[in-house]
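Below are the chains, spelled out letter by letter.
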Amino acid sequence: MVVVGTLYLLYVLVSNTVANLRDRSIKTSFAFLEETATFAIPLNFFPFWDFTLGESVYWDVFIIGVQNTIIITLLGIPTATILGLTLGVTMLSPNFLLRKLSTGFVEIFRNTPLLLQLLFWHFAFFPPIYNSLPPVRESILTGGMVINSAGIYLPAPTLAGSAGWALAAFLAVAAVAAVMLARHAHRRRMETGVGLPTGTYIVGIFVLALAAFMFFFGDQVGVDLPEKKGLNYRGGMRPTKEIISLWFGLTVYTSTYIAENVRGGILSVNPGQSEAGMALGLSRVLRMKLVVLPQALRVIIPPTISQYLNLTKNSSLAVAVGYPDITNIWLGIALNQTGQALIIVFMTIVVYETINALTSLATNLYNRSVQIQER
Amino acid sequence: MKQKSIIISVLAAGMAAAGAASAQTIDSVKGRNELVCGVSGGLAGFSAPDDSGRMQGLDADYCYGLAAAILGPNGNVRFVNLTAKERFEALASGEVDVLSRNTTHTLTRDASLGLNFTYYNFIDGQAFMVYKSLGVSSALDLDGARVCVQSGTTTEANMADFFRTNNMSYEQIAYDTSPDTTQGFENNYCDVLSSDTSQLASIRSELSNPSDAVILPEVISKEPLGPVVRQGDDEFFNLAKWVLYAVLNAEELGITQANVDQHRGNADADPAIKRLVGTEGGMCKLISSKLDDACLYNVVKTIGNYGESYERHVGANTPLGINREGTPNALWSKGGLLYAPPLR
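For the record, the sequence lines run as chains A and B.
For the first sequence, my numbering begins at 13 and goes up steadily by one.
For the second sequence, my numbering begins at 19 and goes up steadily by one.
Hints listed in this document are in silico derivations from the structure and should not be mistaken for laboratory results.
Here the structure is a predicted model, which means the values were calculated and not measured.
Please note that the accuracy of each hint is not assured.
Straight-line Cα separation of at most 25 Å, DSS-like style, residue types lysine-lysine; simulated pairs [as the list claims (entries may be wrong)]:
#1 Lys259/B to Lys240/B
#2 Lys259/B to Lys292/B
#3 Lys103/B to Lys240/B
#4 Lys303/B to Lys259/B
#5 Lys240/B to Lys352/B
#6 Lys319/B to Lys48/B
#7 Lys325/A to Lys103/B
#8 Lys241/A to Lys150/B
#9 Lys150/B to Lys240/A
#10 Lys352/B to Lys292/B
#11 Lys303/B to Lys319/B
#12 Lys39/A to Lys48/B
Heads up, incomplete: computed chain A residues facing chain B, CB under 10 Å, no partners named [stated by the list, open to error]:
#13 Ser37
#14 Lys39
#15 Leu131
#16 Tyr142
#17 Tyr245
#18 Asn340
Virtual Cβ for every residue (Gly too), placed ideally from N, Cα, C.
All chains should be built: construct the whole structure from the sequences, respecting the hints.
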């Protein structure tokens, strides 16, 4: 009965939508995805998928929007985690100044709306810094870099032909080797009690992989230098002002929530555990690292997953600072140029749903590995 | 049993929604004694609240005029502020009766959104504004420029065409609202701000130092702005058009807010005037039998003729200071482009 009811409800919704669209003479079709996009999209820090004015179609706009949303998410999650962990631990520090400073920081940024913070960083905090740099005509040129009030342009490595895939393959092999090494080191410590300097070895493995790559494919690696074209510089690699403001804003905002999770998690561990560590003669840092945090993580991780999902969704405020994420260029500009509201909104929902489901899946898997292993 | 009732109520709600779309707009406006009008609400000269909270501007005037035609002089208007992105959905879904929000008439919008464009109450064109310190005097020197625009407008597409035609590159930075776009320009996030000329004039007048900025001479697009209604209600569409034509005809005939009563009372007036003020010809009844014979008289009585409305909100003596003479917004008889069909 429930299944039939749900199916019938879906049927009514769909047929009603279709009938309403027809009544209002609104034309809906996927054909627009193959049309040339009639507007430009700013280039980004790492343009994996390039936009060419007059050639790129709406599909490209969609892919670039997704790409930019993923980029800001991948940048934001690690920095928010590191800052949040640091703040959470220092909020419990015995040092009065440190404790009060981080508590104050968390209270300020946790209790104000994100949009307000983004506008503050973008329109009040950063402009004086940028504007203290010289204008474009008097740019500082040093070591292939260009610094002016429009931004900082770095030389960008370029990979010709199949070199990109080769690099990915070399790094994948190195990553597998690193995982195997870490497992071996773990087993060895379990069996003999003697560890290995794993960190140094892993760095060595990656350096070796890169050296091997340069040996075989070095001639296909080039450098793209920024050069003056018209009013501004072009080329090279440039963290845009928009991505910096958005990244900064999302990191600060999300980190305060993570900090509270961390603080709560640490407080949930019985003080007897820490005292036992003290009795063993462990230093404060080691006690935190070896005794308290492993137990606290079980409490910290589940709510932190929610914060990662929030960060992804909050990145849709990008339009306030002009960052070209999917909400800005797809749900905003493309929708208005084509009028295909139904399809565009649906595709956007699918993207956020997928990104968040994947984030949630990955962190849940990690969560399972740190849960109490009952035997 | 309970599930069945839920299904039935959902079904009923769906049918009700489908029914609302085909209802006669004039009837529903009369029924609620109020015209719902979608405007920008934040664009000085077109629609922005004055000190007393009353919406003022060229676009707002149109709403007052249309309300007067249906509901009588000073008929009620409820304004709904819409962003560029929201506006068409708001109109198509019936949230507003009419959209009067400096909206450009284009083929895509006309043909695919289920909308009807009436006529134009402001003929504009897109231009560029830069700071004098950039040292640029022509839009053709803008190669490589970073340009701030408001997202969800025809601005983006015009610019893409312009830069492509002239083989120049640029970087577009799109903001959601007009104030954010201005902030981006003021904070040097872009070299150029691009929008319709009238909007640039409005933004420039609000900069901390207006004389630092200059609007480049090139006008790169046609932007005929005017009110929009839903498709499927031809009677209301006709009325929406003729309210606009009436204020233009009134200007041509020399009928003003001040002398319209005098014309209505004059039995020997010019027949063309008599048709407009409703003492001859029964023009309003031809548009719709639900309208009063004096419907177009009520429009002029409430907002005056087009020229009066223009001078009140965007003309030379306003902060926008857009001189009408010699622009497309002059009457056709004075070298402009505004040409209303005869009222007969």
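Taking the hints in turn, this is what the structure says about them:
1. Lys259/B to Lys240/B: Holds, at about 20 Å.
2. Lys259/B to Lys292/B: It holds: about 20 Å lies between the C-alpha atoms, which stays within 25 Å.
3. Lys103/B to Lys240/B: holds (20 Å)
4. Lys303/B to Lys259/B: holds (15 Å)
5. Lys240/B to Lys352/B: holds (20 Å)
6. Lys319/B to Lys48/B: OK: Lys319/B and Lys48/B at ~19 Å, within 25 Å.
7. Lys325/A to Lys103/B: It holds: about 20 Å lies between the C-alpha atoms, which stays within 25 Å.
8. Lys241/A to Lys150/B: holds (20 Å)
9. Lys150/B to Lys240/A: holds (21 Å)
10. Lys352/B to Lys292/B: holds (24 Å)
11. Lys303/B to Lys319/B: holds (19 Å)
12. Lys39/A to Lys48/B: Not satisfied, since the Cα-Cα distance of roughly 31 Å exceeds 25 Å.
13. Ser37: holds (4 Å)
14. Lys39: holds (5 Å)
15. Leu131: Since chain B brings a Cβ to about 8 Å from Leu131/A, closer than 10 Å, the hint holds.
16. Tyr142: Status holds, d = 7 Å.
17. Tyr245: Holds, about 8 Å.
18. Asn340: This interface hint holds because 6 Å falls under the 10 Å limit.
Hint check: a violation occurs at hint 12 only; the rest are consistent with the structure.
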